[in-house]
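Engineer: Chains as they are written, first to last, in this note's numbering: chain A, 11 to 126; chain B, 37 to 149.
Incorrect hints may have been included.
Claimed, not checked - Calculated pairs, DSS-like style, for lysine-lysine (alpha carbon to alpha carbon, straight line, at most 27 Å):
1. Lys21(A) <-> Lys90(B)
2. Lys107(B) <-> Lys81(A)
3. Lys54(A) <-> Lys41(B)
4. Lys72(A) <-> Lys21(A)
5. Lys54(A) <-> Lys81(A)
6. Lys54(A) <-> Lys88(A)
7. Lys92(B) <-> Lys104(B)
8. Lys88(A) <-> Lys141(B)
9. Lys104(B) <-> Lys90(B)
10. Lys107(B) <-> Lys41(B)
11. Lys21(A) <-> Lys54(A)
12. Lys92(B) <-> Lys107(B)
13. Lys141(B) <-> Lys93(A)
14. Lys81(A) <-> Lys25(A)
15. Lys41(B) <-> Lys21(A)
16. Lys25(A) <-> Lys54(A)
17. Lys93(A) <-> Lys25(A)
18. Lys72(A) <-> Lys88(A)
19. Lys25(A) <-> Lys107(B)
20. Lys104(B) <-> Lys72(A)
21. Lys141(B) <-> Lys90(B)
22. Lys141(B) <-> Lys41(B)
23. Lys25(A) <-> Lys88(A)
24. Lys93(A) <-> Lys21(A)
Treat the hints as calculated values from the structure; they're not laboratory data.
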Amino acid sequence: EAGVAQSPRYKIIEKRQSVAFWCNPISGHATLYWYQQILGQGPKLLIQFQNNGVVDDSQLPKDRFSAERLKGVDSTLKIQPAKLEDSAVYLCASSLNAGLAGDTQYFGPGTRLTVL
Amino acid sequence: DQQVKQNSPSLSVQEGRISILNCDYTNSMFDYFLWYKKYPAEGPTFLISISSIKDKNEDGRFTVFLNKSAKHLSLHIVPSQPGDSAVYFCAASLSQAGTALIFGKGTTLSVSS
């Protein structure tokens, strides 16, 4: 079974530029998550989708971050404009159901973003 | 305010010995706890979990213990192997639909041969 795919793996941009990340979850997984992991910290949830609807985006900085999952499968996360503090690894995860107990989240390899 | 705390940034253990990784939480509403393992340049991988109705869950060399009164859980790895060297994240959640995992900062385990 193929895992969660993410691209690009690495991205370097200058501040105020825009950037987009792509995620393809495990086939059949209804729930998709985007996490931000700053160096030395644990992953922090940015947004959670159930199929193509948003379940939780309370920690997404909506003035600069946006995400979509139009057909309930792939998802993109965009940052515009980027700030220095956005430098982090952006992890995508998917799970079969909506975060129910025992519903394991499977993570992709992440995209490492460096903002100069 | 950190709701899940891993106070030891690193742990070094010899091969064959026991590794004990600790985690504390502050939110008494958490009722489901997980451990993830992460190798460099890879995403976290699910290792083991425990529901708040249990105080122990075992899977091969890995055992998780939960002490609800102390809001503390620990992961025991016996025997430790060099391939266990990784960053271990403790995570907690509420067992209801739509809730996220709250992660600790992680503990880097180094197992020497």
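Engineer: If a hint holds in the structure, say so; if it does not, say that too.
Structural biologist: Taking the hints in turn, this is what the structure says about them:
Among the hinted pairs, Lys21(A) with Lys90(B) is inconsistent with the structure: their alpha-carbon atoms are about 43 Å apart, more than 27 Å. For a cut-off of 27 Å, the pair hint linking Lys107(B) to Lys81(A) is broken: about 41 Å separates their Cα positions. Proximity of Lys54(A) to Lys41(B) is assessed by CA-CA distance (about 14 Å); at most 27 Å being required, the pair is judged to hold. Proposed proximity of Lys72(A) and Lys21(A) is supported: the alpha carbons are some 21 Å apart, at most 27 Å.
Taken as a hint, the Lys54(A) and Lys81(A) pair is honoured in the structure, with Cα atoms around 25 Å apart against an allowance of 27 Å. Taken as a hint, the Lys54(A) and Lys88(A) pair is honoured in the structure, with Cα atoms around 16 Å apart against an allowance of 27 Å. Between the alpha carbons of Lys92(B) and Lys104(B) the distance comes to roughly 11 Å, so the proposed pair stays at or under 27 Å and holds. Between Lys88(A) and Lys141(B) the CA atoms are separated by roughly 25 Å; this keeps the pair inside 27 Å, and the hint holds.
For the hint linking Lys104(B) to Lys90(B), the alpha-carbon distance of about 10 Å falls within 27 Å, and the restraint holds. Between Lys107(B) and Lys41(B) the alpha-carbon distance is near 11 Å, which keeps this suggested pair within the 27 Å criterion. Proposed proximity of Lys21(A) and Lys54(A) is supported: the alpha carbons are some 20 Å apart, at most 27 Å. A C-alpha spacing of about 14 Å is found between Lys92(B) and Lys107(B), which places the hinted pair at or below 27 Å, so the restraint holds.
With a CA separation close to 23 Å, the supplied pair Lys141(B) and Lys93(A) stays within the 27 Å bound. With a C-alpha separation of about 31 Å, the suggested pairing of Lys81(A) with Lys25(A) is violated against the 27 Å cut-off. Taking the CA atoms of Lys41(B) and Lys21(A), the gap is about 30 Å. The hint is violated against a cut of 27 Å. A threshold of 27 Å between alpha carbons decides the hint, and for Lys25(A) with Lys54(A) the separation of about 22 Å falls inside it, so the pair holds.
Note on Lys93(A) and Lys25(A): the hinted pairing holds, with a Cα-Cα distance of about 5 Å set against a maximum of 27 Å. The straight-line distance between the Cα atoms of Lys72(A) and Lys88(A) is roughly 10 Å, inside the 27 Å bound, and the hint therefore holds. Straight-line distance between C-alpha atoms of Lys25(A) and Lys107(B) comes to about 41 Å, which puts the hinted pair past the 27 Å bound. The hinted pair formed by Lys104(B) and Lys72(A) fails the criterion: a straight-line CA distance of about 36 Å is larger than 27 Å.
For the hint linking Lys141(B) to Lys90(B), the alpha-carbon distance of about 24 Å falls within 27 Å, and the restraint holds. Taking the CA atoms of Lys141(B) and Lys41(B), the gap is near 7 Å; set against the 27 Å cutoff, the hint holds. Restraint check for Lys25(A) and Lys88(A): the C-alpha separation of about 14 Å stays at or below 27 Å, so the hint holds. Proposed proximity of Lys93(A) and Lys21(A) is supported: the alpha carbons are some 14 Å apart, at most 27 Å.
In summary, the numbered hints that this structure violates are 1, 2, 14, 15, 19, 20.
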